[in-house]
Amino acid sequence: MAESFQFDLVSPERLLVSEQVESVIIPGAEGEMTVMAKHAPVMTTIQPGVVTVKSAGGGEERYVVFGGFADILPSGCTLLAESAVAVKDIDRADITRRIQEAKEDAADAEDDETRTKAEQFLHQLTTLEGAILPA
Amino acid sequence: MASLKDLRNRIASVKATQKITKAMQMVAAAKLRRAQEAAEAARPYSERMGVVLANITQAIGDDAPALMTGTGKDDVHLLVVCTAERGLCGGFNAQIARAARDHVRSLQADGKTVKIICVGKKGFDILRRDFAKLIIERIDLREVKQIGFTNADAIAKKVIQLFNKGEFDVCTLFYSQFKSVISQIPTAQQLIPAAAPAAEGESASEGAVYEYEPEPGEILSDLIPRNISVQIFRALLENAAGEMGAKMSAMDNATRNAGDMINRLSITYNRQRQAQITKELIEIISGAEAL
Numbered sequence: 000m001a002e003s004f005q006f007d008l009v010s011p012e013r014l015l016v017s018e019q020v021e022s023v024i025i026p027g028a029e030g031e032m033t034v035m036a037k038h039a040p041v042m043t044t045i046q047p048g049v050v051t052v053k054s055a056g057g058g059e060e061r062y063v064v065f066g067g068f069a070d071i072l073p074s075g076c077t078l079l080a081e082s083a084v085a086v087k088d089i090d091r092a093d094i095t096r097r098i099q100e101a102k103e104d105a106a107d108a109e110d111d112e113t114r115t116k117a118e119q120f121l122h123q124l125t126t127l128e129g130a131i132l133p134a
Numbered sequence: 000m001a002s003l004k005d006l007r008n009r010i011a012s013v014k015a016t017q018k019i020t021k022a023m024q025m026v027a028a029a030k031l032r033r034a035q036e037a038a039e040a041a042r043p044y045s046e047r048m049g050v051v052l053a054n055i056t057q058a059i060g061d062d063a064p065a066l067m068t069g070t071g072k073d074d075v076h077l078l079v080v081c082t083a084e085r086g087l088c089g090g091f092n093a094q095i096a097r098a099a100r101d102h103v104r105s106l107q108a109d110g111k112t113v114k115i116i117c118v119g120k121k122g123f124d125i126l127r128r129d130f131a132k133l134i135i136e137r138i139d140l141r142e143v144k145q146i147g148f149t150n151a152d153a154i155a156k157k158v159i160q161l162f163n164k165g166e167f168d169v170c171t172l173f174y175s176q177f178k179s180v181i182s183q184i185p186t187a188q189q190l191i192p193a194a195a196p197a198a199e200g201e202s203a204s205e206g207a208v209y210e211y212e213p214e215p216g217e218i219l220s221d222l223i224p225r226n227i228s229v230q231i232f233r234a235l236l237e238n239a240a241g242e243m244g245a246k247m248s249a250m251d252n253a254t255r256n257a258g259d260m261i262n263r264l265s266i267t268y269n270r271q272r273q274a275q276i277t278k279e280l281i282e283i284i285s286g287a288e289a290l
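Protein chains in written order, with numbering that gives the first Met the number 0: chain L, 0 to 134; chain U, 0 to 290.
If you are wondering where the hints come from, they were derived from the structure by calculation, not from laboratory data. Everything numeric in this text was worked out from a predicted model, so none of it was measured. Don't be surprised by glycine CBs; every beta carbon is placed ideally from N, CA and C. Be aware that one or more of the hints could be misleading.
Said to hold, decoys possible - For lysine to aspartate or glutamate, the following EDC-like pairs were computed, each having C-alpha atoms within a straight-line distance of at most 16 angstroms:
#	chain 1	residue 1	chain 2	residue 2
1	U	156	L	107
2	U	164	L	110
3	U	144	L	12
4	U	114	U	168
5	U	72	U	136
6	L	116	U	217
7	U	18	U	259
8	U	157	L	104
9	U	156	L	104
10	U	157	L	109
11	L	37	L	2
12	L	116	L	100
13	U	111	U	73
14	U	157	U	129
15	U	114	U	129
16	L	37	U	259
17	U	156	U	136
18	U	120	U	84
19	U	164	U	74
20	L	116	U	221
21	U	164	L	109
22	U	164	L	112
23	U	156	L	109
24	U	114	U	136
25	U	114	U	73
26	L	53	L	21
27	U	156	L	21
28	U	156	L	103
29	L	116	L	104
30	U	156	L	2
31	U	120	U	142
32	U	144	U	36
33	U	156	U	166
34	L	87	L	59
35	U	120	U	139
36	U	157	L	12
Said to hold, decoys possible - Take a look, some chain L residues computed to stay more than 10 angstroms from chain U by CB distance:
#	residue
37	3
38	5
39	21
40	35
Given the sequences, and given the hints that come with them, work out the whole structure.
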């Protein structure tokens with residue numbers, strides 16, 4: 000059995016997970032990455048996506064996160080998410096609302112840079128919608 | 000001298016008021032607990048954020064974005080004043096407003112330009128009297144039952160947008176720090192340029208050489224706006240808890256005052272009634288004696 004390490008998933012509103020885990024899959028800004036014990040120190044921003052947590056006890060939990068960043072140390076990993084929800088608790092209406100907001104942001108953008116950012120975010124959200132919600 | 004009937008009415012009305020203040024106190028106590036829980040739940044995030052920010056600023060050195068270093072000027076100040084939406088909470092709102100007012104006065108004395116954003120209705124009502132022209136925006140959270148991160152994020156976005164347009168140089172946040180139920184401390188906190196969090200000994204000195212993905216500069220420019228949101232969020236939560244604490248003690252006082260008043264009124268009422276009975280008795284007796 001693989002070694003376990005401390006993993007914390009926090010959103011501004013609350014602490015979602017704080018436990019010993021075996022591995023965590025994080026949707027990093029430059030691709031998904033799996034974090035295991037004694038990972039080299041990395042700091043990365045994350046994009047909207049699914050975080051898969053394999054706990055030391057065996058179970059597997061999945062959380063949807065909307066942006067944020069991860070602080071990875073050999074001794075543990077902290078994921079600061081802008082907002083996070085367990086996959087089983089997510090509802091379609093919430094995502095639809097976020098997509099709607101992102102669309103508005105993209106439409107309202109005043110300069111190209113913000114528009115590109117908003118469109119990127121929108122694209123990530125749409126991908127996410129497809130990934131977690133069976134059509 | 001008030002008649003017996005008047006006194007009776009008075010007592011009944013004070014009793015009714017007491018019931019209301021008592022109920023408000025209990026509601027505030029329940030809400031206080033919830034607000035405190037929310038504030039506590041938000042703490043890990045802002046603490047970790049502080050640590051990460053300290054780490055990354057060390058790594059990046061002088062190359063920090065404008066939000067961190069400021070514009071290099073100190074002419075236009077933006078004040079974000081967070082107060083409650085409702086009154087009946089003692090000196091809570093007045094304290095924050097006073098702190099903000101003093102700050103504005105001292106800035107104006109130094110010849111700086113001041114702009115104000117009011118979050119919450121009560122602060123707006125108070126500051127409007129003196130600085131109606133300075134208030135550029137008013138944010139209403141009246142409809143919001145439980146303050147969420149999105150509320151804070153919206154405020155932060157507005158502030159950052161103004162900053163990017165070059166509307167101000169320094170931004171200060173006013174709110175009340177929640178010390179305990181009976182003490183809330185009005186606090187001014189500088190948001191922009193962000194005072195670099197002091198690297199707290201052990202947390203930063205884990206000495207890990209981080210790999211950054213993407214570049215530190217990019218992470219930092221993503222991180223700082225988020226940090227501002229977090230600061231505002233924390234301020235709003237502290238305010239919510241403080242408001243409920245202040246309301247609870249204000250209502251407790253009111254309930255006790257009403258109790259005292261009822262006692263005093265009842266004594267007057269009983270005395271008067273007794274005086275009247277005695278008077279009537281004397282009249283009857285002296286009437287009988289005259290026969």
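Hints and how they fare:
1. 156(U) - 107(L): holds (14 angstroms)
2. 164(U) - 110(L): holds (12 angstroms)
3. 144(U) - 12(L): Within the cut-off at roughly 14 angstroms; holds.
4. 114(U) - 168(U): holds (11 angstroms)
5. 72(U) - 136(U): violated (23 angstroms)
6. 116(L) - 217(U): holds (13 angstroms)
7. 18(U) - 259(U): holds (14 angstroms)
8. 157(U) - 104(L): holds (13 angstroms)
9. 156(U) - 104(L): holds (12 angstroms)
10. 157(U) - 109(L): holds (14 angstroms)
11. 37(L) - 2(L): Answer holds: residue 37(L) to residue 2(L) is near 9 angstroms, not above 16 angstroms.
12. 116(L) - 100(L): This hinted pair holds, its Cα atoms lying about 13 angstroms apart.
13. 111(U) - 73(U): Status holds; Cα separation ~8 angstroms.
14. 157(U) - 129(U): violated (24 angstroms)
15. 114(U) - 129(U): Holds, because 13 angstroms separates the two Cα atoms, which is no more than 16 angstroms.
16. 37(L) - 259(U): Violated - the C-alpha atoms of residue 259(U) and residue 37(L) are around 67 angstroms apart, more than 16 angstroms.
17. 156(U) - 136(U): holds (13 angstroms)
18. 120(U) - 84(U): Within the cut-off at roughly 5 angstroms; holds.
19. 164(U) - 74(U): holds (15 angstroms)
20. 116(L) - 221(U): holds (12 angstroms)
21. 164(U) - 109(L): Measuring from Cα to Cα gives roughly 12 angstroms; hence the hint holds.
22. 164(U) - 112(L): holds (14 angstroms)
23. 156(U) - 109(L): holds (14 angstroms)
24. 114(U) - 136(U): holds (9 angstroms)
25. 114(U) - 73(U): holds (13 angstroms)
26. 53(L) - 21(L): holds (6 angstroms)
27. 156(U) - 21(L): violated (37 angstroms)
28. 156(U) - 103(L): With Cα atoms ~15 angstroms apart, residue 156(U) and residue 103(L) stay inside 16 angstroms; holds.
29. 116(L) - 104(L): holds (10 angstroms)
30. 156(U) - 2(L): Violated, at roughly 42 angstroms.
31. 120(U) - 142(U): Satisfied, since the Cα-Cα distance of roughly 12 angstroms is no more than 16 angstroms.
32. 144(U) - 36(U): holds (15 angstroms)
33. 156(U) - 166(U): holds (14 angstroms)
34. 87(L) - 59(L): holds (12 angstroms)
35. 120(U) - 139(U): Distance of about 7 angstroms is within 16 angstroms: holds.
36. 157(U) - 12(L): violated (21 angstroms)
37. 3: holds (20 angstroms)
38. 5: holds (13 angstroms)
39. 21: The claim stands: residue 21(L) keeps its Cβ more than 10 angstroms from every Cβ of chain U (closest is about 22 angstroms).
40. 35: holds (16 angstroms)
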